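Engineer: Residue numbers (the working numbering), protein chains in the order written: chain X, 325 to 737; chain L, 608 to 951; chain A, 150 to 442.
Worth double-checking, as some hints may not be accurate.
Said to hold, decoys possible - Calculated lysine to any residue pairs in the SDA-like style (CA-CA distance at most 20 Å, straight line):
1) L:K645 with X:F529
2) X:K732 with X:P402
3) X:K732 with L:D944
4) X:K551 with X:W511
5) A:K331 with L:K758
6) L:K674 with X:P402
7) L:K854 with A:F421
8) A:K331 with A:I308
9) L:K758 with A:F421
10) X:K530 with L:L673
11) X:K530 with X:A552
12) A:K331 with A:V299
13) X:K530 with L:D944
14) L:K645 with X:L737
15) X:K732 with L:K758
By construction, these hints were calculated from the structure, which means they are not laboratory data.
Keep in mind that this is a model prediction, so the values were computed, not measured.
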Amino acid sequence: MLFKKLILVGFISLFFSSSLYAADCGPNGQSIRILASDFPAIHAIANSAESNCAGSASEFNRNHTTEARQIMNAAQTPNPAEYTSVIVANSTLVQLMNDGLVRPLDDLVEKYGGHLKSNQLITIDGKIMAIAFMANSQHMYYRTDILEKSGVDGIPATYDEVISAAEKIRAAGIMEHPLVMNLKVGWNVGEVFNTIYLAHGGEFFKPGSAEASINNAKGVAALETMKALVEYAHPDHLTQASDDTQGLWEAGQAAIGFMWGSRGGVILDNEGSSAEVTSNTVLSAAPTVTGGSIPGATLWWDGITIATNVSDSEAEATFAALVSGMTSEMVAANNDDAIWLIDGFKPGPAAAGVSATAQGGAKSYPMFAQMGLLHNALGAELVDFLKGSESAEQALSDVEAVYETAAKDAGYL
Amino acid sequence: MKHSTFLLFSLPSLSVMFLFIAIPIVSVFIQSLHIEHKQVIIVTENCDPFGCETTTAVDTEASAKLKEKAPLGKFNGFKTYSNRMHFAFDEVGEAWKSSDSFTVFTKKLYNYPLYRALSFTLTYTFVVTPFVLFLGFLVAVGVNNLPKMFKGPTIFASLLPMIVTPLVGSLILFWMVDGDGVIGATLQKIFNDNSLSLKASPVLTWIMLMVYGIWHLMPFSFIVFYAGLQTVPQETIEAATIDGASKFQRIRHVVIPHLMPLAIFITLILLMDNFRVFEPIIGFRAEAHATSISWLIWNHLRESAYPLYNAAGATSMVTIFGVAILLLPVLIRTWRDFKEKNKG
Amino acid sequence: MNTKIENKLTPVRIIAFIFVALWLVIAMFPFIWTLWGSFKVQADFFSKADWLNAIFGFHTEKQTGGFFTMDGYYGSWIEEEFWRAVINTSIVVFFTVLISLTFGTLGGYALARSTYRYAFWILMAGLIFRAMPHMTLISGYLQPFFAWNVWGILPTTIIVLVAINQPFTLWMLHSFFLNIPKDLDESAMCDGCNRFQAFRYVIIPIMWPGVITTGLFSFLLAYNDFTVTSMLLSDENETMIPAIASFLGTVQEEGKVMYAVAAVVSATAPLFFFVLFFQRQIVSGLTAGAVKG
């Protein structure tokens, strides 16, 4: 893959002298090495960086792998680091920052980032640490035809309304399990708890410390909401993640869903489903709790970072190449691959849910250094409650106990 | 064999094992005795496309200084082994005192990850191993009786459960056992129960995992037994036939004793591999109802953003220790064989 | 065992036939199903509505106009250049098997012929080594490999696969060499050969059956490995199984599952010819490769 592209780029640079490049690629003859996950939006960014700047670099190397998160800390620790840039999301930025493996970008942004929007800059303690280019979040999907048929007025805006709508659909005999959610044990079920807990206004840690604080009234309320929702979900819900919920939706077996915004495009396209489903599917904001105002979702972004352990000129060339790809032309060419944060994005119906959720004031996925440990504990220990073999309080105290053990081992407590 | 010749012959093999397995085992063990230094935490203001939040971050400079002094981390002795993630001695002791019956106690025990994982791992090991041994033997005898031209394709087809990568194999099987999938729907029809779900009930999930395990490992025992059947001395069989021994008697008194050493070899490998069962749990997304020791390691290392090397190390040591106990009878036998061989 | 008496159709033989046929159906059904389904679109093969869609291709006809589609194959082989992964896998598998067997035969032979106590303890250590979960080993390799700049290349992966495969290889070949009478090579040594010559001229010609059986298992291990290859190889050196994994997508992004299905089918097809081609060697290899515990 890479080889062919390199040849192609080589040819292009033979025929056009480098002065023809519009993009400013920073210092010449540097090695640019990128580690990233493997999905279309990231390919789009990297492709456009490569076609702009591979000619002026001595090496342009990309590693798109599903294991990016697993290898990145080990890869970036040696000096020089294996990669000059890692493309991250909220949670993975924390993972790199815990070991001090990303550098502040303020001076580079000043030099090369004139075209970036201010909300693309991720600042931590006043220093720019990453440049975001796309957003994502969970939100609600619903079928207008089924809601209408079962006599639900308007769009359910709170969890209580969702539950009563589900009950009406069931009572009307249309579907036994009208709800789909990503409740697969592990990361997914933990994430569902996070969203509902945030909607209840919960805080994950005691202020200023790494001590967990989820075993409280809000935590119990969040779990009760979850349990009430699960009543209406497919019996196999504890094994279902995005692919399954999307499949159920496309097969017309669900009326209300809480799924990722990034799945909106593929759900609304004309593949794998029937016109009845796609024409009646509407994407809207995640629900709030009754009387609350925070949508039950966590907002996510993906962005670029630059490694600490590389030479300044390599860092500069890498940054220049990557931001040279963040243009409205790139967005125009790949408009439907993601919900871009870059200028020139034309939000279609597939982006409606994420923007409504973000505008409704949903919170970002929490960027605490120790959040991964708590998330993991939630993913493993909430199951007993959802299966009905444990009380909410017991489940939450198990979560805290598991988290505490892990956090002690990792040095946070 | 002289020491020097022995060393020359075995040096390549021993050195790769030493470098890539022995040293890592020692270092993993040492790692399991240490925990990370106290992280220096600072409160920060984070701003992203959606607004600003107050969170915490690690003060990397301060933490790095601590790390420089003692790169392994803080010495913790065997506390990792006894904490809640592993043997949970304190919690179990507490549970024992506060439970008035054994059932209550086991229920409480089940709340701790290692015991939960052990219960499935051991059940799986002791159910799957005998089934694989027995069924593999039957298939081997059956294939051995086939006309020659069918043998090759049959062997290939029998290897398929082992060849098709579990990554996709389990994805497809997972869909098949879904309520809407071909196996799931057929089972619903057979039992005339539309709400039957192999994935939602703990008991059915365990059965499903074990059936998959048997299916996946059958080829191994089949192929080794089949190989063994080829070496059964013809003369003995013919002599037995002439003496009027029935087919079953021949198998019972000639074939099985001949295959005994093989059966022990297979048992050894199967016990070890089944004790480390992992892929089916991920493939069938059975974590809600079944976890295994290897799954715990995976969970420590990969699932949180922060790999817990000490916990993973401790669980790995528990695995090695568990395997050693399981294999003890076989090992003792091998020791006796070895001594006998060298007497003669 | 195919004496004349046994070629008659007795009830016992009929039961045996039926049993084997049943096993074949159970063993092959998922694969045949996958083979058929690889020519369908995802909405059919993984249908949540009705599994009959996977057979009759309701969505396939709607989306592609045909009863069968080559989209999965085209996508994986042409668009995603799956053939690169196939070449990488071939290299990894070839060298892993070759080196494993070379090291394993030498070591196994030495262990089988040594009468000293340490031979026993080496075998025991081998078992303990084999019990070590691979995941822990790999996560320990990462840091040093990156620091020494050997991460991501094929030789590193090959040597790691050889190493973690070595205990099994050693055990199996050791048991096999135990079955070869000691007198054979020892009489050669009396004739003035040294140990190496005895090994070269007496043992090597007769060891192939055992080596082939062991090779088969080394092959399967290297071919199907995910833990090692996914963590230790960079994009351009990626082997088949991680490549297939990357078709599967993530929680947030939809994958190209049908590419993975087509890739699995096309990765298994060459094995079929491999087995047919080497059928005689494998079967005869198995014949003499009987292992002793």
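Engineer: Confirm or reject each hint.
Structural biologist: Right, here's what the structure says about each hint:
no.	hint	result
1	L:K645 with X:F529	17 Å, holds
2	X:K732 with X:P402	26 Å, violated
3	X:K732 with L:D944	48 Å, violated
4	X:K551 with X:W511	18 Å, holds
5	A:K331 with L:K758	33 Å, violated
6	L:K674 with X:P402	15 Å, holds
7	L:K854 with A:F421	33 Å, violated
8	A:K331 with A:I308	32 Å, violated
9	L:K758 with A:F421	14 Å, holds
10	X:K530 with L:L673	25 Å, violated
11	X:K530 with X:A552	28 Å, violated
12	A:K331 with A:V299	43 Å, violated
13	X:K530 with L:D944	63 Å, violated
14	L:K645 with X:L737	7 Å, holds
15	X:K732 with L:K758	59 Å, violated
Violated hints, listed in ascending order, are 2, 3, 5, 7, 8, 10, 11, 12, 13 and 15; each of the other numbered hints is respected by the structure.
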